[in-house]
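Trainee: Chains as they are written, first to last, in the numbering used here: chain C, 1 to 167; chain U, 168 to 360.
To be clear, the hints were calculated from the coordinates, so they are not data collected in a lab. Since this is a predicted model, take the numbers as computed values, not measurements. Yeah, the Cβ is synthetic: ideal placement off N, Cα and C, and Gly gets one too. Hints are supplied without guarantee of correctness; some may be wrong.
[Said to hold, decoys possible] Ranges between beta-carbon positions, derived for each pair: (1) THR332/U to ASN20/C: 51 to 57 Å; (2) GLY207/U to ALA140/C: 20 to 26 Å; (3) GLY360/U to ASN54/C: 35 to 41 Å; (4) THR4/C to LYS304/U: 26 to 32 Å.
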Amino acid sequence: MPATNTYDAIQSYTLTSATNTVTFGSIPQTYTDLVLILNLGSTPSAQLTRLRFNGDTGTNYSDTKLRGNGTTAYSTRISNDSNATLNEFAYASTTLGKCNIIVNFMNYSNTTTYKTFLFRANNADLGTELGAGLWRSTAAISAIEVSNPGNNFLSGSTFSLYGIKAA
Amino acid sequence: MAVSSFSNSGIKSGSKRNKIWDQSAVENSFFSIATNTATGSTADVTFSSIPQTYTHLQLRMIVKNHTANTNNTRIQFNSDTGANYSWHELFGDGASAGSNASISASYMYLGNHPSNAVASAFAVYVVDILDYTNTNKFKTVKTLSGYDLNGSGVVGLRSGNWRSTSAISTIRIFPGADSFGQYSSFALYGIKG
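Build the full structure now, drawing on both the sequences and the hints.
Mentor: Okay, structure coming up:
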């Protein structure tokens, strides 16, 4: 079984001022999976983080989450939403370095399957979340929009996209 | 590390600064070993003669069942079908969180996958198999998995242990019942430490 090196850095942003939305566009279709790594702050107040794919504003997003706050573990669900929400609980704080999120998009370029993605969101002060999200579209993901509803991501927040190619 | 400039068009507001890493200054460490994709009903998937040149392995999978039943995904190593596996899980089904465990099992449980009722929906798994070539320790596995069907679904964290000091040379992935559905895909990667 010949091994092929993979896990390539595709694109990375570090904000130099408060910004509401960061979009990864024209994503290469040459990988199998994508990994999005976020290290976020929010201003003027803590806020959740949302994703959209290919500019789709329809109610085509849903997820099942598991989370814990240091006292209780519980599970929630969102259906028929116009965004994917990564951190209903582990918000991006007003201080950098407290909220990090990793999202795995599996088979993102496959035009036969809906797009399922796994995400983990952590905030040292608030708790941790694990989610399985669904974008009900068989379109290949060519753009990912990361947004902060109503607020802005802090300057210094980082957004990094990687591609993994299967043999 | 060389940095190149590229378009700022992805940043919609605020000051824009961007960079792209040209990959030239970092040693390669994440390798694709092999991939299996189910073309129809598939009873199981086996990776054999796994190279012993990496430190860890990672499985990245999308899985659904071949029939109208939900099912679960299991793993065995080196054809060991004995009661040498244990696992724990923490999961959420959208309504409540739960936990399960099995101490002396004949397989390691990785998570649930959906039926073929929603043809285009799959469960996804990221499975980390740590120190798989080390003959001084038992083998530990960490799994993140889940699926959502817009009104149902489950997500969970699982840990597992194979009580053997043998290096892992074969991995068998199989459903608890039925078979894997079409387009289910299983990709094995090696990570050098």
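Trainee: For which of the previously enumerated hints does the structure constitute a violation, in increasing order of number?
Mentor: none
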